[in-house]
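**Q** Here the structure of chain A is known, so what remains is to put chain B in place on it, guided by the hints.
So the protein lines, in turn, are chains A and B. Residues in the first sequence are numbered consecutively from 1, following our numbering. Residues in the second sequence are numbered consecutively from 262, following our numbering.
What the hints contain is simulated information worked out from the structure, not anything from laboratory work. Values in this document were obtained by computation on a predicted structure and should not be read as measured data. Where hints are given, some of them may not hold.
Claimed, not checked - A few chain A residues that face chain B, going by a derived Cβ cut-off under 10 Å, partial list only:
id	residue
1	Val26
2	Pro92
3	Leu99
4	Ala243
Virtual Cβ for every residue (Gly too), placed ideally from N, Cα, C.
One letter stands for each residue in the lines below.
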Amino acid sequence: MKRLAGSVNSLFLVLVYLFVLGPALVIVADSFNSATSFPSPFESATLKWYRQMLAHDEFLASMQISAIVALLSALIATALAIFAAYALIRHPLRGKNALSTFLMGPLLVPQIVIGLAMLQLIGQLGLRIGLTGLVLVHAVYILPFALRLVMASLARFEFVLEEAAQSLGAGRLRTLWHVTLPMIRPGLASGFIFAFILSFVNLPVSLFLTSPQTATLPIVMFAYMESRIDPLIAAVASAILIATAVASLVLERVFRLRLFG
Amino acid sequence: MTAGSTSSPAVVARWQAYLPLVPALLFLAVFLIAPLAATVWSSLSPNVVIKFEGHGFDNFRYLFGKAYYIETILRTLRIALIVTLIALAVGYPAAYILRDLSERIGATMIIVLTFPILTGPLVVVLGWMILLSDGGPLIHPLTQMGWLKPLRLLGTETAIVIGLVHFTLPFVILTVFSSLKQIPDDLLEAARSLGAGRLQVLARVVWPLSLPGVLSATLIAFSLAASAYISPHYLGGPTQLVLTTLVGQFILATFNSELASAAAILLLVIMAAIIFAFTRFVTRFIRG
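Okay, chain A solo, but in the shape it has when bound (with noise of 0.2 Å):
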């Protein structure tokens, strides 16, 4: 009976994961299948739609893009959320659920309504959309994911660690960079590498706010997309995805990262 539970836990754990790795595994699998219609059953290996990935100017400008944006924002945001961590950790502070809701604030508000608001404002100033209001916005949607990580490091940090160097006669700034920031190097670079892929990848927050010229891998997917779904956008795809479980390999093995539990 114990038995029979427990391979039909299993059949069920198995299951769940197909559905969650599915999708991935028909990407990748499609993206080296040399058959030229699609989606069609798999003829040969081939790398070449990944070499008319690497020769599609489209592709690779976009990629600049969105390394720039994701780079940009990634800094802004973790930059913010050092402090605001610190602020939120260090003291008990009066006001600290509401202060904290409200930096969390962001994951509340649907993404391409965060975009919509920030192309609203930019119009009814008179501005024109630029890299600057999408590096912002996009600081904006990550922040609240950055901010989660930072202050879960600061949160096991142990601060008597700052009133020794206190004692010891450095200043607040100085302890903050030469102690604090230091040991709390692995949260902050998982942090920033957390709010870079998150960037990296977002199509709402942007859908409003590129032009041809600001245009992000994510957009340049779409436009993609909507004519058509070829293996072309399935190598693009299955690059983005191997990219982004190497990167989350490392996270976990490298900064231990935990992003729940």
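**A** Using the frame of chain A, we list chain B on its own:
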């Protein structure tokens, strides 16, 4: 400095303790709250396209006056509700089984769940477009053998639900898992040694203690499903609009910024109201 004056060291320290929060608070005020205020303003603004004059609720009245938009609102809620229920029904048992796995295997299984979260829905939805199409590797062989008629799943509400269950499931499993992990093993041992069977332990000990986790998983799943754009856009398409894709259509296809703003504000208000009401209901229910 005399004791009791407003500038005593303790008070200064208190006031300074808030300083590091200022940049982040200002940043959100300027780049999230001000834009949202601009959106509210835009939703109340006269609409050139449908000839509204003056500020008011005309844009909202217009949305509520058409069966097409009412159906869009209802579809949004219906899909979010069904997705939440399925994700909980599948996610809870999965998390429960994961809890009992050995530390090593369990940890790896948990990391695997973060893959789809990191890659985001755009990449993954492509997989569903392949899997759910009649010519895809899932359905094509079955129709070839005559076991199945072509389903034409793409462009239906069912396809959206499948895509969104897939999108929300990892969040639900991870949230429930972390609340199940907090239940001490000793407690389960104690229940078992007092003669409780597997099901009794689950129903009388594990389930009640995991309710906070279930509550937050419910809220996460519902808000993710109601605010998702990518799955409804690609798996449902223009015939199965939800509020997010309606916003997209207003901006990208009909260039009506005021109606887009009204639909966006409507989505925010409806989500906030449902989350608030649900939380109130549950806390009252728990307090008995």
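**Q** Hints first: check each against the structure and report whether it holds.
**A** For each hint, the structure was consulted:
| no. | hint | in the structure |
| --- | --- | --- |
| 1 | Val26 | holds (5 Å) |
| 2 | Pro92 | holds (9 Å) |
| 3 | Leu99 | holds (6 Å) |
| 4 | Ala243 | holds (9 Å) |
Comparing the model with each earlier hint shows no violations; every hint is respected.
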